[in-house]
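Enquirer: Here is how the chains run, residue by residue.
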Amino acid sequence: MKNILKISIALAFLFTLSSCWLDKTKPNYQYMPDMYKPVGYETYSVNPNFSDGRTSQQPVEGTIARGKVPYDYADTTEGYDSALVNLKNPLEVNEENLANGKAMFTIYCISCHGAAGVGDGELVKRDKFLGVPNYKDRPITEGSIYHVIMYGRNLMGSHASQLTDKERWQVVMYVQQLRNELLK
Amino acid sequence: MLLLSNHAKMIKVIFLYMKKLYQTRKKISFLNMKSVKQHSPLSRLVISSLAFLFFFSLNLSAQGDPANGEKLFKSICAACHKLDAKLVGPALKGVTERRDQAWLIAWIKDSPGMIKSGDKLAIQVFEENNKLPMIANPQLSDQDIIDILEYTKGAPVAAVAAGTTEVDPGVERGKQVFKTNCAACHKLDGKLIGPPLLHIEKKYDAAWLKLWIKDNAALIASGDPLAKTASEYSPIAMTPFPQLTDQDIDDLLKYMAVGDVAPVVAATSADQEIFNKPGIGIIPTLAITIGVLLLLSLIVAATTNRKVGEEDEESGVSVLKTLIFNPFVRFLAVIFFLLLGAWFAFGYLMQIDVNVGYQPIQPIVFSHAVHSGDNKIDCQYCHSSAKNSKTSGIPSANVCMNCHKSISEYKGELFGNNTKEDLDKEIQKLYDAVGWDKTNVKYIEGYEQKPIEWVRIHNLADFAYYNHAQHVTVAGVQCQTCHGPVQEMHDMKQFSPLTMGWCIDCHRTTAVDLTKNGYYKNIHDQLSKKYGVEKVTVAEMGGLECAKCHY
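So the sequence lines, in the order shown, correspond to chains U and L. Sequential numbering from 12 applies to the first sequence in this note's numbering. Sequential numbering from -9 applies to the second sequence in this note's numbering.
Hints were generated in silico from the structure; no laboratory data involved. Note that CB positions come from ideal geometry on N, CA and C, so glycine has one too. Hints may contain errors.
[To be verified] Some but not every residue of chain U turned toward chain L, in silico, with C-beta under 8 Å:
| id | residue |
| --- | --- |
| 1 | Thr36 |
| 2 | Tyr40 |
| 3 | Pro49 |
| 4 | Ile118 |
| 5 | Ala126 |
| 6 | Glu133 |
| 7 | Leu134 |
| 8 | Phe140 |
| 9 | Gln173 |
| 10 | Asn191 |
[To be verified] Here are the simulated PhoX-like pairs of lysine-lysine, each with C-alpha atoms no more than 20 Å apart in a straight line:
| id | chain 1 | residue 1 | chain 2 | residue 2 |
| --- | --- | --- | --- | --- |
| 11 | L | Lys380 | U | Lys79 |
| 12 | L | Lys483 | U | Lys35 |
| 13 | U | Lys139 | L | Lys538 |
| 14 | L | Lys380 | L | Lys538 |
| 15 | U | Lys48 | L | Lys181 |
Make the full structure from the sequences, and use the hints.
Expert: Structure follows, in structure tokens:
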């Protein structure tokens, strides 16, 4: 009888030990994970069906994704000069567009360009990224702003992958508003 | 204790050294004066000219070449020394401020000889570093050693010139002008978009530079041959800066001639850091050891007591025996252990696949605390698809490169057990993935890019649907509500359990703000009337329906 008690105590002790998930660099136990793991391929998962082994693929050359507008200006100095003059904002200037433009600006531009667009963002203050120009010092138009968001310019990289077409134009609208404010 | 004694030792050593330095300096000047006075005018002239030559040569030699020094340091010293961390020998950054240059030259050339000769400082250094002798380097010339010392200052190339001479206030102004206007495309000591600009005044005439900076396009158009060759540096035209005044450009040129002034490194700071580091690990280890010792002594005490009890009191044992064989007590014990077992079993089952604290090792030591906390970059800058899609998005490497084209080394506060070199290597991993050549500042042509295989932390079971856009854009929930204080985490880990109970709790308590949205205002009014509440929660809008998340 005493032995049984001892054994059960020992078992209970072992049981508590085994329930401890000690190595936090590995995921915890799963019980019958059939419905846990997705059957389809997840966005960032490895995929044996493609030659480069990735699920997320580039669009096939010569195709346009649904809802996307192709951008015809080339990533060259000539393309920039052309966009500067010819490219126009298709969106109407209104509260809603400006509000979202501001929201997007606050996420994607503010770190370098600063809240007012004078080039005093947090990264500039911390000496990480230097020489960010004041919007009023540059002869920029809506077309050139859009072009630079698409392709980047000098050390600024392209932000096309982070913003949709519409969001880019909203940011352009807001940047123009900031610039006009600075030029006053 | 170890920590404290080391500390005290360091301070004492520095104090002794300062004292010694002061004394020797006084002695030297005294001797010089006397010897000059005693000699004839001719020999005085010879001596003074020699002295002049000596000081002049010192002055010259003070302008060591850090590039050569770096090469030598890497081939000779780096086996045992690092600049800013202890390796076999001590950290060498700022060593010139701790020790005399002449002493250092003698030490590097023949440290064993110096120790034998009885040089007090040499013996002290020898004993401080575990009595490991440093290898003598008689093959190095004085100039070589000066170059190495220059490199250990750890300052950018041109720092030396400004070391002793007073800094022109124009230099500081020029630095500001440089930072706000030029630094987007130029660095002092390396290629960026444009060429490096240190000592540009040696290459071009100041008047020409003024014209070039103000309007390079006009200069090229005027047919200036120099401008034409300069414009061929890169297909990208330089931005004109008509807003800069002549004074601005003069200051700018002053700054470019001098470069950054070397930051004064406190003599002890590097060493303190080294001694502080092991301290982090000491306290928990101590606590564990004490705990184990306490446990052991308790076990020992318990077992000895029982033996004493068994020998002394027969009655005590009999009481125990009757208790054990009492059926009612046994029944109670069984119930107790059954309940205890059930409790453990239930607890075990409830934590299956709950991954709070899951912290996998990522392929790159990426610190959210540095990016999001220190640099205040918005979460959505990198996780940009959170606003429009189901997944929050792991940024593709081009997003990293938006900043890391220009940030190729880590200059912030160190974290974890990483040295600056370690963290620079982590940035290099990104460059290896995308094929970025950081010395020439461009992508390597024809490079086969490799994916960075991040380990996913937040894995929701496939039978539950979760949408980021719905929570981030529509509801305006902060990322930190579910992911915790990410801006303080160097190593990302799971903060929330992501269980159904946890979801439901939040849906029950969170009120939905529909007042800003005209379309839903009617529904809101109807629902609030139905439930008799002022603000409708997610649950009351159907946020508890099974098929909302399970379908």
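Enquirer: None of the hints should be skipped; say for each whether it holds.
Expert: Verification of the hints:
{"no.": "1", "hint": "Thr36", "result": "5 Å, holds"}
{"no.": "2", "hint": "Tyr40", "result": "5 Å, holds"}
{"no.": "3", "hint": "Pro49", "result": "4 Å, holds"}
{"no.": "4", "hint": "Ile118", "result": "4 Å, holds"}
{"no.": "5", "hint": "Ala126", "result": "12 Å, violated"}
{"no.": "6", "hint": "Glu133", "result": "4 Å, holds"}
{"no.": "7", "hint": "Leu134", "result": "6 Å, holds"}
{"no.": "8", "hint": "Phe140", "result": "6 Å, holds"}
{"no.": "9", "hint": "Gln173", "result": "4 Å, holds"}
{"no.": "10", "hint": "Asn191", "result": "18 Å, violated"}
{"no.": "11", "hint": "L:Lys380 x U:Lys79", "result": "19 Å, holds"}
{"no.": "12", "hint": "L:Lys483 x U:Lys35", "result": "9 Å, holds"}
{"no.": "13", "hint": "U:Lys139 x L:Lys538", "result": "45 Å, violated"}
{"no.": "14", "hint": "L:Lys380 x L:Lys538", "result": "14 Å, holds"}
{"no.": "15", "hint": "U:Lys48 x L:Lys181", "result": "49 Å, violated"}
Checked against the numbered hints above, the structure violates hints 5, 10, 13 and 15; every other hint is satisfied.
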